[in-house]
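Visitor: Residues per chain, in single letters:
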Amino acid sequence: MKIQEYIDSGILETFVLGVASEEEVKQLLYMKTKYPEVNEALQQLEQDMEKLAADMAITPPPGTWYKIEKDIEAIIPHQENTPQLFKNGSSHKSRTRKGNDEYIEVEGESSHMRLHKAWRWVFAAVFILGKIFLGFAIYFYLENKHTQEQIQELKTEIRQLKNK
Amino acid sequence: MLFGYIVEVVKNETLAGQYLAAVFKDVSNQLDEFSKLNTSEFCLLQAMARKKLEDFFKNSNRPEGVLTVYENKHIRQMTPQQQFVFCGIHWHGKSVQALSAELDIPEDGIRKILKDCFIVIRRID
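Going down the list, the protein sequences come from chains V and B. Quick note: the first sequence, position 27, residue 27 per my numbering, numbers continuous. Quick note: the second sequence, position 8, residue 8 per my numbering, numbers continuous.
The hints are simulated quantities; they were obtained by calculation from the structure and are not laboratory data. Just to be clear, a hint being listed does not mean it is correct.
Cβ pair distances, simulated, as ranges [unchecked claim]:
{"no.": "1", "chain 1": "B", "residue 1": "I119", "chain 2": "V", "residue 2": "D71", "range": "19 to 27 Å"}
{"no.": "2", "chain 1": "B", "residue 1": "K73", "chain 2": "V", "residue 2": "E22", "range": "30 to 38 Å"}
{"no.": "3", "chain 1": "V", "residue 1": "N39", "chain 2": "B", "residue 2": "N29", "range": "49 to 57 Å"}
{"no.": "4", "chain 1": "B", "residue 1": "A101", "chain 2": "V", "residue 2": "E5", "range": "54 to 62 Å"}
{"no.": "5", "chain 1": "B", "residue 1": "A98", "chain 2": "V", "residue 2": "P62", "range": "37 to 45 Å"}
The C-beta atom is built at its ideal place from N, Cα and C for all residues, glycine as well.
Let the sequences and hints guide you as you build the complete structure.
Guide: In structure tokens:
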């Protein structure tokens, strides 16, 4: 089936109105991901539906949202889900008011730091270089010590020769 | 917007409020659908409301003419047949098959009529 024929078939309209069959929905979701024209046509229809709904919108009576909120809160087990951090209130001030602007103050509790994985190679290189420098330092220290001893021996020999 | 749709269907603001609450309570169970389908949130909410209203649609003996939507500027511009199909599906909860049988028009024909209805809606600002 050609894409335009599919778009013109009216299946998209039945989907937007919620009366498409399961098979039609499956096919539409496939077509939507595969063909941008189908997705575009669907978005246009959704906009049309929203336009129609906005035109006929009615403000719910006062208190409706409060009731819905209460109903939703009743089905959410708050005690178990509230993080310990916010339950105690401890050292964190979650909300601060300055002037007329209300904003949320964010303060990190964790003492851990997140780094990009690439840093592990940097750390490995620094570790290996550190070991190499330490090896060189020990080697030169011992070499220097040995040279000093040799110089000392030579000085003693020269003094002995002078005395003879 | 959703409240307006439900009120138009049930014609009772208290009952509509209860349906609205039922829809929003169900949103947490449908979060996967919201992310998976990647479609308009309003249309998904409306589809959810439609599902909740299924029993109401089945048990309601409302006559066709009781809808106030016929005064709507978009609906007014539709032909009587387009109005019958669009309103039948959207506000009376009829299926394409039911309308096809009722109007003695093939299902493809009903879908074409629906398409024309959307053209009318799009044409009017």
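Visitor: Hint by hint, note whether the structure agrees.
Guide: Hint by hint, here is what the structure shows:
| no. | hint | verdict |
| --- | --- | --- |
| 1 | B:I119 x V:D71: 19 to 27 Å | violated (40 Å) |
| 2 | B:K73 x V:E22: 30 to 38 Å | holds (34 Å) |
| 3 | V:N39 x B:N29: 49 to 57 Å | violated (26 Å) |
| 4 | B:A101 x V:E5: 54 to 62 Å | violated (25 Å) |
| 5 | B:A98 x V:P62: 37 to 45 Å | holds (38 Å) |
Against the hints set out earlier in the document, violations occur for numbers 1, 3 and 4.
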